Amino acid sequence: MALAAQLFSRETLTTMVLALMVLLFLLELSKRWRRPPRYPPGPASIPLLGNILQLDFKNLHGSFRQLRKKFGDVFSLQMIWTPVVVLNGPEAVREALVQKSEDTSDRPSLPVYKHLGFGPNAQGVILARYGEAWKEQRRFSLTTLRNFGLGKQSLEQWVTTEAAFLCSAFASKEGQPFDPHYLLTCCVTNVIASLTYGKRFNYDDHKLHKLLDLLEISLKEDTGLMREVINEFPVLLSIPGLPQWIFQGQRALFDILDEFLEEHKDTWDPAQSRDLTDVFLLEIEKAKGSPGSSFNHENLRIVLADLFTAGMATTATTLQWALLLLLLHPSVQRRVQEEVDQVIGRSRRPTLKDQAHMPYTNAVIHEIQRFSDIIPLGVPHRASRDIEIQGFSIPKGTTLITNLSSVLKDESSWEWPYRFHPEHFLDAQGHFVKPEAFIPFSAGRRVCLGEPLAKMELFLFFTNLLQDFNFVLPPGDPLPNDKGNISFILTPQPFQVCAVPR
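Under my numbering, the first residue of the sequence shown carries the number -12, and numbering increases by one thereafter.
Under the rule of at most 30 Å between Cα atoms (straight-line distance), these lysine-lysine pairs were calculated in the BS3-like manner:
| hint | residue 1 | residue 2 |
| --- | --- | --- |
| 1 | 56 | 421 |
| 2 | 340 | 421 |
| 3 | 122 | 186 |
| 4 | 56 | 87 |
| 5 | 207 | 45 |
| 6 | 160 | 470 |
| 7 | 122 | 273 |
| 8 | 122 | 87 |
| 9 | 252 | 186 |
| 10 | 442 | 396 |
| 11 | 421 | 87 |
| 12 | 340 | 186 |
| 13 | 396 | 56 |
| 14 | 421 | 470 |
| 15 | 101 | 207 |
Each pair of labels, with its calculated beta carbon distance range:
| hint | residue 1 | residue 2 | range |
| --- | --- | --- | --- |
| 16 | 419 | 398 | 19 to 25 Å |
| 17 | 243 | 158 | 25 to 31 Å |
| 18 | 40 | 85 | 32 to 38 Å |
Derived from the structure by calculation, the hints contain no laboratory data. If you're wondering where the values come from, they're calculated on a predicted model, not measured in any experiment. No residue lacks a Cβ here, since even glycine has one placed at the ideal position from N, Cα and C.
Can you make the complete structure from the sequences, with help from the hints?
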């Protein structure tokens, strides 16, 4: 009897395994049959797994660079269940993002973020699906930021004041070696925190230190094979404790931001708009009784987290690259300082109006952004209908990855794509020019809404620092490496600098 049960168990298990294999085979065949005749080429995929074992998830844009050499500017991948098309080079990326933006502005579904509160009523502005809710929130965010001074003198004064705090913190190092990462991130955090939560931190605030540490951890959690597997098999998120274990940093970061929000709600006065949170709360009151509105408390926390984390990480990272590249290219630093001294002098602080008269400084800042290439693959898009790009047919629902790095380092657009060369942004007469291939903020309808703020911060922080300091390597230190640490955001490897007062 026991033997019969054992045989039955083995036969049942064998049957189940065979049935699963047949099912996977049929699924794979059905996927191939659904592909249109002119679907982009790509590497052969493994049933169920697709191409995930052929990619280095710690260096995806490096993997894509190799695949582009073999399959061309437009190639396809299968990420388990999800069909993906990777777009490379200026022509393919611009066709998708600009010429066909109405068809490519959607985002793929990302259930991996469900544990943070993302859902039908809370999509934010960065990862939100393309539709009326996203349009409503993007309009709101842009309008509110403008009303609080984005592109106006009021916010410029705000950034200039923060630049003074930053310069004071650098001066306190008295020319001794230090890692600038923390101080640079503090000053940028204070600008975006003031706009979103109405908060400003002292640079030695322990909560600020914790916040920055958690942001760094959460960015690392946002890459890797495990994230991709969970996104393809969202049922794994229902395993008790698993999301909290894998995404500890993200959860802890949201807990702090939720704490900021709750503190803010306790002091909210509808008659006074101090920041974006206040204005959003007022919109929630107006939207009561309108169930379809995107103005709700769930979406408020996601929108704020989107703006806060994006505005905090990207500009701070670019400023770190700026100091690193000045250390590696002291002649560039000297030329910027000569222009600062000539146009601004030493008796007043830089203003945005000075930028129009400083072509070399402007070229250096743009080249820092191009060379550092901090978000090499941008944020994924999704085809909202059947489209054609560069002669290839791409079905509705396909995830689109726009390889921004392939544009910023395109060999036909830049004289020295893999070198730091500010002359990329200067014409023969020394006037500032901006090539079409400069798209660090992406392009089209999904272009980064914080681009004007980032540009203002980069110019004002950069010129204030170079007005006050010479940046040199600590005595005896070897030249730092200009190869970045790869995660969702490409960060410089840690380095030390001496800020010597001029």
